[in-house]
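K.L.:
The residues making up each chain are set out below.
Protein chains: 2
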Amino acid sequence: MQISKGVEWAAHAAAMMIALPEGRGLKAEALARYHDVPTAYMAKQLQALSKAGIIQSSRGAHGGYRLAKLATDISLWDITAAVDGRTPAFRCTEIRQNGPCGLKRKDCKSPCHIAASFAVAEAAFRNSLKAVTLADLGGQVVRDSTPEHLTDVMTWLHEEAQPLSETS
Amino acid sequence: MQISKGVEWAAHAAAMMIALPEGRGLKAEALARYHDVPTAYMAKQLQALSKAGIIQSSRGAHGGYRLAKLATDISLWDITAAVDGRTPAFRCTEIRQNGPCGLKRKDCKSPCHIAASFAVAEAAFRNSLKAVTLADLGGQVVRDSTPEHLTDVMTWLHEEAQPLSETS
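Protein chains in written order, with my numbering: chain A, 8 to 175; chain B, 8 to 175.
Hints were generated in silico from the structure; no laboratory data involved. Do not take every clue at face value.
No copy labels: a pair is met if it fits in one copy or bridges any two.
Distance condition first, Cα-Cα at most 20 Å in a straight line; then the derived EDC-like pairs of lysine to aspartate or glutamate [to be verified]:
hint: 1; residue 1: 12; residue 2: 91
hint: 2; residue 1: 58; residue 2: 167
hint: 3; residue 1: 111; residue 2: 155
hint: 4; residue 1: 58; residue 2: 155
hint: 5; residue 1: 116; residue 2: 155
hint: 6; residue 1: 111; residue 2: 80
hint: 7; residue 1: 12; residue 2: 43
hint: 8; residue 1: 113; residue 2: 155
hint: 9; residue 1: 113; residue 2: 80
hint: 10; residue 1: 137; residue 2: 91
hint: 11; residue 1: 113; residue 2: 159
hint: 12; residue 1: 12; residue 2: 101
hint: 13; residue 1: 58; residue 2: 85
hint: 14; residue 1: 51; residue 2: 143
hint: 15; residue 1: 137; residue 2: 167
hint: 16; residue 1: 51; residue 2: 91
hint: 17; residue 1: 111; residue 2: 159
hint: 18; residue 1: 12; residue 2: 85
hint: 19; residue 1: 116; residue 2: 151
hint: 20; residue 1: 111; residue 2: 101
hint: 21; residue 1: 58; residue 2: 101
hint: 22; residue 1: 111; residue 2: 43
hint: 23; residue 1: 111; residue 2: 151
Keep in mind the model is a prediction, meaning the values are calculated, not measured.
Based on the provided sequences and hints, a complete structural model is requested.
P.N.:
Structural data, given as structure tokens:
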């Protein structure tokens, strides 16, 4: 079971956008440079967040990304699902219907108990991530940071933040 | 995020072993035939369960597998970990230490909040699977089955169960 690296990148990138000044955005290239990761792969994660309605982009010379809603309304599960999808980790292939003693399809009205147990476990995983908002993550970073580090981050952000033109 | 198909197979195979008569075991080939899946891949899952101490094998003409401990002492997490490993699904690459405002390694004493949130979610997933024992799964199957189906299964099991020689 593996969460893709893109989820980590997307979460860090979205967390950076919390502190963006009104009407400004960050380019994929700037976010990639800030996190020292390849631009193309960062851009891919940002497109996934944009498609999921978590961030919004504006195109053209003054293009960039910013949050599409309040940081309190974006959960770590929203970001994970945007990047890695919502397909359950456990996929039941109904092998209880196979072989010499296989159950008939009509007798399989309730899910296999193994699949049902994984569904419960996956719901616990999702609910745990749903309880963590982007605002929580941002707040924790601020509380843990030194004033010098926060000044560095805010200086970088204000230098890189682009005024947005038309939002798409 | 994906749980391998082998986990489903291993869980079904282990559940079959609950009902084995004392001193008898099932061959990988029989378990593969019962579930109508390839023998080589079923054998691979059984070896993983054996390596984890969940089932035990006996070699030779009278070889076979049976549970190595009580079904009440084997959880669905034990089976999942035996087949898919215990590596966390989220792997933090510490990108907070990257780039122009990267934190210094010495200032990263506590885990990144994103990684910490995934650790909590994964613990919830694991704990949910730890709460389900093989005995629970077996009991649910028995409760949900028709008497005819249970008779079919037990007849098959008694025909296929091999007397075990030396246990390895």
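K.L.:
For each hint, tell me whether it holds in the structure or not.
P.N.:
Do the hints match the structure? See the list:
Within a single copy, residue 12 and residue 91 get their C-alpha atoms as close as 10 Å, and across copies as close as 19 Å, so both meet the 20 Å cut-off. For the homomeric pair residue 58 and residue 167, neither the shortest alpha-carbon distance inside one copy (23 Å) nor that between copies (54 Å) is at most 20 Å. In the homo-oligomer, the alpha carbons of residue 111 and residue 155 lie at most 20 Å apart only across protomers (12 Å), although the nearest pairing inside one protomer, at 67 Å, exceeds that limit. Taking CA atoms no more than 20 Å apart as the test, residue 58 paired with residue 155 passes in neither setting, with 35 Å inside one copy and 51 Å between copies.
Taking CA atoms no more than 20 Å apart as the test, residue 116 paired with residue 155 passes between copies only; the shortest distance there is 17 Å, against 61 Å inside one copy. Within a single copy, residue 111 and residue 80 get their C-alpha atoms no closer than 45 Å, and across copies no closer than 31 Å, so neither meets the 20 Å cut-off. When the C-alpha separation of residue 12 and residue 43 is checked against a cutoff of 20 Å, the pair qualifies only within one copy, where the shortest distance is 14 Å, while the shortest distance between copies is 36 Å. Taking the shortest Cα distances, residue 113 and residue 155 sit within 20 Å of each other only across copies (15 Å), while inside one copy they are farther apart (66 Å).
Within a single copy, residue 113 and residue 80 get their C-alpha atoms no closer than 42 Å, and across copies no closer than 33 Å, so neither meets the 20 Å cut-off. Only within a single protomer do residue 137 and residue 91 lie at most 20 Å apart by alpha-carbon distance; the minimum there is 15 Å, versus 25 Å between protomers. Within a single copy, residue 113 and residue 159 get their C-alpha atoms only as close as 64 Å, which misses the 20 Å cut-off; across copies the closest is 18 Å, which meets it. Only between protomers do residue 12 and residue 101 lie at most 20 Å apart by alpha-carbon distance; the minimum there is 11 Å, versus 31 Å within a single protomer.
Taking the shortest alpha-carbon separations for residue 58 and residue 85, only the intra-copy value of 12 Å comes in at or below 20 Å, while the best inter-copy value is 38 Å. For the identical chains of this complex, residue 51 and residue 143 are neighbours neither inside a copy (25 Å) nor across copies (43 Å), given an alpha-carbon limit of 20 Å. Proximity of residue 137 to residue 167 under the C-alpha cut-off of 20 Å is found in neither arrangement, the shortest distances being 30 Å within a copy and 47 Å between copies. Within a single copy, residue 51 and residue 91 get their C-alpha atoms as close as 12 Å, which meets the 20 Å cut-off; across copies the closest is 28 Å, which misses it.
Proximity of residue 111 and residue 159 under a CA criterion of 20 Å is satisfied inter-copy only: 13 Å between copies versus 65 Å inside one chain copy. Taking the closest pair of Cα atoms, residue 12 and residue 85 come within 20 Å of each other only inside a single copy of the chain (16 Å); across copies the shortest separation is 26 Å, beyond that limit. Taking CA atoms no more than 20 Å apart as the test, residue 116 paired with residue 151 passes between copies only; the shortest distance there is 10 Å, against 51 Å inside one copy. When the C-alpha separation of residue 111 and residue 101 is checked against a cutoff of 20 Å, the pair qualifies only within one copy, where the shortest distance is 11 Å, while the shortest distance between copies is 50 Å.
Neither within a single protomer nor between protomers do residue 58 and residue 101 lie at most 20 Å apart by alpha-carbon distance, with minima of 33 Å and 26 Å respectively. Taking identical chains as interchangeable, the C-alpha atoms of residue 111 and residue 43 lie at most 20 Å apart only when they sit on different chains, with a minimum of 14 Å there against 55 Å within one chain. Taking CA atoms no more than 20 Å apart as the test, residue 111 paired with residue 151 passes between copies only; the shortest distance there is 13 Å, against 58 Å inside one copy.
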